[in-house]
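Q: Line by line, the protein sequences give chains P and R.
Quick note: the first sequence uses our numbering, first residue 1, plus one each step.
Quick note: the second sequence uses our numbering, first residue 1, plus one each step.
Just so you know, the hints here were simulated from the structure itself, not pulled from any lab data.
It is possible that part of the hints are untrue.
Each pair of labels, with its calculated beta carbon distance range [claimed, not checked]: (1) P:Ser12 <-> R:Gln54: 38 to 44 Å; (2) P:Glu55 <-> R:Lys57: 41 to 47 Å; (3) P:Arg54 <-> R:Gly28: 29 to 35 Å; (4) P:Ala81 <-> R:Thr14: 36 to 42 Å; (5) R:Gln18 <-> P:Glu15: 45 to 51 Å; (6) P:Ser39 <-> R:Ala2: 21 to 27 Å; (7) R:Gly42 <-> P:Glu55: 26 to 32 Å; (8) P:Glu55 <-> R:Thr14: 46 to 52 Å; (9) P:Gly59 <-> R:Asn77: 36 to 42 Å; (10) P:Gln14 <-> R:Thr53: 25 to 31 Å; (11) R:Leu83 <-> P:Ala78: 42 to 48 Å.
Cβ coordinates follow ideal geometry from the N, Cα and C atoms, glycine included.
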Amino acid sequence: SQQGEEDPQALSIQEGENATMNCSYKTSINNLQWYRQNSGRGLVHLILIRSNEREKHSGRLRVTLDTSKKSSSLLITASRAADTASYFCATGRGGANSKLTFGKGITLSVRP
Amino acid sequence: KAGVTQTPRYLIKTRGQQVTLSCSPISGHRSVSWYQQTPGQGLQFLFEYFSETQRNKGNFPGRFSGRQFSNSRSEMNVSTLELGDSALYLCASSSGDRTGWNNEQFFGPGTRLTVL
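The following block holds chain P by itself, in its conformation from the complex (with noise of 0.2 Å):
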């Protein structure tokens, strides 16, 4: 069963403008990850961000993570054309237990 569950479910947006995509998950978690994928490839590991930070950057990502609402987001600012693919949150439960749990993923598409 799926943990997240990304919002929007397709995002097309004009190249330099700003792409925020949400993901809710269920239960607790120990960290949450994004990760991109292009074209049905492999999965490109974005940010990790743990259950006891609530804002991360990356170069032009910046992951929020509210636990007490169990949702993220993730903001990708001045958007190009090489940014359309599919995003994915995933969810650890932490310990030993190292699956991640991955909601169905956001197509953005960003036009140039």
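Please build the complex by placing chain R on the supplied structure of chain P, with the hints as guidance.
A: Structure of chain R alone, referenced to chain P:
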């Protein structure tokens, strides 16, 4: 550091056959996890190996099995293939830290399996 490698990249098999997929993790990583990705079910966890032992297992039938070698390389095997096994199989490498915090999992390019 070299990334996660998976071989082969593409496979075509027929129903009833078996298949073995291989994954080489990032150097120094001791944990390898396997995931199946299909359009209908999305990304689903198959199992994880750490130090040659299966540490976690998902909800897949016994036809799906795996192993890990002393150099951390891992193989997964699917026996008696069914049409529904057609999928992208991804392996992920991580340090496997047991202290309580998950570490990043880095994925390979995947093996695209088609069952005819």
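Q: Next step is simple, just say for each hint if it's right about the structure.
A: Going down the list of hints, with the structure as the test:
1. Distance hint check: the CB atoms of Ser12 of chain P and Gln54 of chain R are about 42 Å apart, consistent with the given range 38 to 44 Å.
2. A C-beta distance of roughly 34 Å is found between Glu55 of chain P and Lys57 of chain R, which places it outside the suggested range of 41 to 47 Å.
3. A hinted range of 29 to 35 Å holds for the C-beta pair Arg54 of chain P and Gly28 of chain R, which are about 30 Å apart.
4. At about 40 Å, the CB distance of Ala81 of chain P to Thr14 of chain R agrees with the hint of 36 to 42 Å.
5. Take Gln18 of chain R and Glu15 of chain P: their Cβ atoms lie about 47 Å apart, and the range 45 to 51 Å holds.
6. In this structure, Ser39 of chain P and Ala2 of chain R meet the distance hint of 21 to 27 Å, their C-beta atoms being roughly 23 Å apart.
7. The beta-carbon spacing between Gly42 of chain R and Glu55 of chain P, approximately 27 Å, falls within the hinted interval of 26 to 32 Å.
8. Range check, Glu55 of chain P to Thr14 of chain R: Cβ separation about 51 Å, and the 46 to 52 Å hint holds.
9. The given range of 36 to 42 Å is respected by Gly59 of chain P and Asn77 of chain R, whose C-beta atoms sit roughly 39 Å from each other.
10. Between Gln14 of chain P and Thr53 of chain R the CB atoms are about 50 Å apart, so this pair departs from the stated range of 25 to 31 Å.
11. In this structure the hint that Leu83 of chain R and Ala78 of chain P lie 42 to 48 Å apart at CB holds, the actual value being about 44 Å.
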